[in-house]
Amino acid sequence: MTGSMKLGRLVVWALIVMAVVYLTVAGGGGFFGLYVGAFRVLSVGVAVVAIGVWLIWSTRHEQWRPRTALWPAIVACLAALVVSTLASAEPRFAYDYLAYSALLAGLYLLMQRLMADPFFRDRLSALGVLLGFGLSTLYIGAVFLHWVDFWRDLGRFSIPPLRPDFEGLAYGNPSTVATVCILLFLVTVAHVGLASRRQVAVVFSLGVLTALVVFLTGSRGAWVGGALAAGVLIPCWMSSRANRMVARRLLARAGVRRALSLGSLGLIGLTLAFLPAVVSRILEPASDTRLSFYEASIRMFLHKPITGLGPGTWVVERIHYTAAPASDYYIPHAHNIWLQTLSELGLVGMMGGGVMAVAIGAMLLRAWRSDEPPRQLHAWAALTALVYLGAHQLFDFYPNMPAIGFCLALLIARLDALDTNGRQP
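Residue numbers (this note's numbering): 228 to 652.
One should not assume that every hint holds.
Derived DEER-like restraints, expressed as beta-carbon distance ranges [what the hints assert, rightly or not]:
{"no.": "1", "residue 1": "ALA241", "residue 2": "GLU317", "range": "40 to 46 Å"}
{"no.": "2", "residue 1": "TYR557", "residue 2": "GLY581", "range": "29 to 35 Å"}
{"no.": "3", "residue 1": "VAL280", "residue 2": "LEU502", "range": "51 to 57 Å"}
{"no.": "4", "residue 1": "TYR262", "residue 2": "VAL459", "range": "31 to 37 Å"}
{"no.": "5", "residue 1": "PRO532", "residue 2": "ARG236", "range": "47 to 53 Å"}
{"no.": "6", "residue 1": "TYR322", "residue 2": "ILE495", "range": "30 to 36 Å"}
{"no.": "7", "residue 1": "VAL273", "residue 2": "PHE371", "range": "32 to 38 Å"}
No farther apart than 25 Å at their CA atoms in a straight line, the calculated lysine to any residue pairs in the SDA-like style are these [to be verified]:
{"no.": "8", "residue 1": "LYS233", "residue 2": "LEU261"}
{"no.": "9", "residue 1": "LYS531", "residue 2": "PRO318"}
{"no.": "10", "residue 1": "LYS531", "residue 2": "SER519"}
{"no.": "11", "residue 1": "LYS531", "residue 2": "HIS547"}
{"no.": "12", "residue 1": "LYS531", "residue 2": "PRO552"}
{"no.": "13", "residue 1": "LYS233", "residue 2": "ARG350"}
{"no.": "14", "residue 1": "LYS233", "residue 2": "ASP349"}
{"no.": "15", "residue 1": "LYS531", "residue 2": "ALA553"}
{"no.": "16", "residue 1": "LYS531", "residue 2": "ALA551"}
{"no.": "17", "residue 1": "LYS531", "residue 2": "TYR557"}
{"no.": "18", "residue 1": "LYS233", "residue 2": "PRO345"}
{"no.": "19", "residue 1": "LYS531", "residue 2": "LEU313"}
{"no.": "20", "residue 1": "LYS531", "residue 2": "GLU317"}
{"no.": "21", "residue 1": "LYS233", "residue 2": "PHE266"}
{"no.": "22", "residue 1": "LYS233", "residue 2": "SER352"}
{"no.": "23", "residue 1": "LYS531", "residue 2": "ALA584"}
{"no.": "24", "residue 1": "LYS531", "residue 2": "ILE509"}
{"no.": "25", "residue 1": "LYS531", "residue 2": "ARG517"}
{"no.": "26", "residue 1": "LYS233", "residue 2": "ALA274"}
{"no.": "27", "residue 1": "LYS531", "residue 2": "TRP464"}
{"no.": "28", "residue 1": "LYS233", "residue 2": "HIS288"}
{"no.": "29", "residue 1": "LYS233", "residue 2": "MET245"}
{"no.": "30", "residue 1": "LYS233", "residue 2": "ASP323"}
{"no.": "31", "residue 1": "LYS531", "residue 2": "LEU574"}
{"no.": "32", "residue 1": "LYS233", "residue 2": "VAL280"}
{"no.": "33", "residue 1": "LYS531", "residue 2": "ASP323"}
{"no.": "34", "residue 1": "LYS233", "residue 2": "ALA277"}
{"no.": "35", "residue 1": "LYS531", "residue 2": "VAL280"}
Honestly, the hints are just simulated from the structure, not real lab data. For glycine and all other residues, C-beta sits at the position ideal for the given N, C-alpha and C.
Sequences and hints are given; from them, build the entire structure.
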């Protein structure tokens, strides 16, 4: 590799780091990027330029041309959006979301090619690890500062509240912070691995920070999603004889046993110490508004079950499908990805999602059948992320959060790149 090529790679990498920090730390992929017009215009402009430069570069360098094992699924999902858009009574809303989806597809294909290149792949994954530690520490620090204000105003020490002042960093919501930290923890597990004591120590350290963040956010969706993902996937992982041998080797280490014991005792102690706050958060009312959203979503789907009302129409049509005396509360999503997909895209959208699920499932299966332990570990981490997101989004909606899409792509795009590269002649 010539000096100019090395310099070019370093310049591109510097731009990627700035883009990732903008997405995950500065708010471009969270609240500000969604609801502040200037941020949104900047994000779209940068994405269009990045995709354009990549496509021009790929015309002269074959290894950078779009290539993915998920082509049928991407085409099926975009086709579902097109069909639903054409059938929508509010096409001007639908066109915006269709264009946004096409842009996200382009960014995923670019990410997949970056993950196919060893120079960018390893650095992107390592950046995900650093972000996991950085964001977790930042959130814990921000919560502690809110607690200091709480104790000062109260004039005495008392058990502080969870999610104080609705702290959500640049994402604007504590639940989003929990989700990003969980995904980055899974990226760390997949990238760092569990083969040595040092690797286990890194994973365990971030695991403790992530668990603390998820606890402090008071996110019931994250609690339920994490519990379901662990309850379903740990037994599945342990069903493999090779994985049981890995677990035995880990548990044979005295340090691992001590760390697990201390972690379990710490979690129990933390829960008991914050028991009033935990109970208060669990019993906090939210069912009235969300039940109203769910009912309205079902009515939308029943009105146009084949194609739905069109992409992006839930927020503007929800009032027409809200029956008295249900709560009339304006919010940009239904707090349930499954019902909102049915209401906006109908059965066509669910079919597109089904094709995507089959394509990703086949990719995971190929990874598990390979004789490469790192690839198998990536597949388990990716499946855990997907199960978690599917469960959490029974109560939330994250397709509009580019930061979460980036964190998930760190897992999916890397598996996709490994799968695609393995099929090349």
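Next item on the list: Tell me, in ascending order, the numbers of any earlier hints that this structure violates.
Entry: Of the numbered hints, 6, 8, 21, 24, 27, 30 and 35 do not hold.
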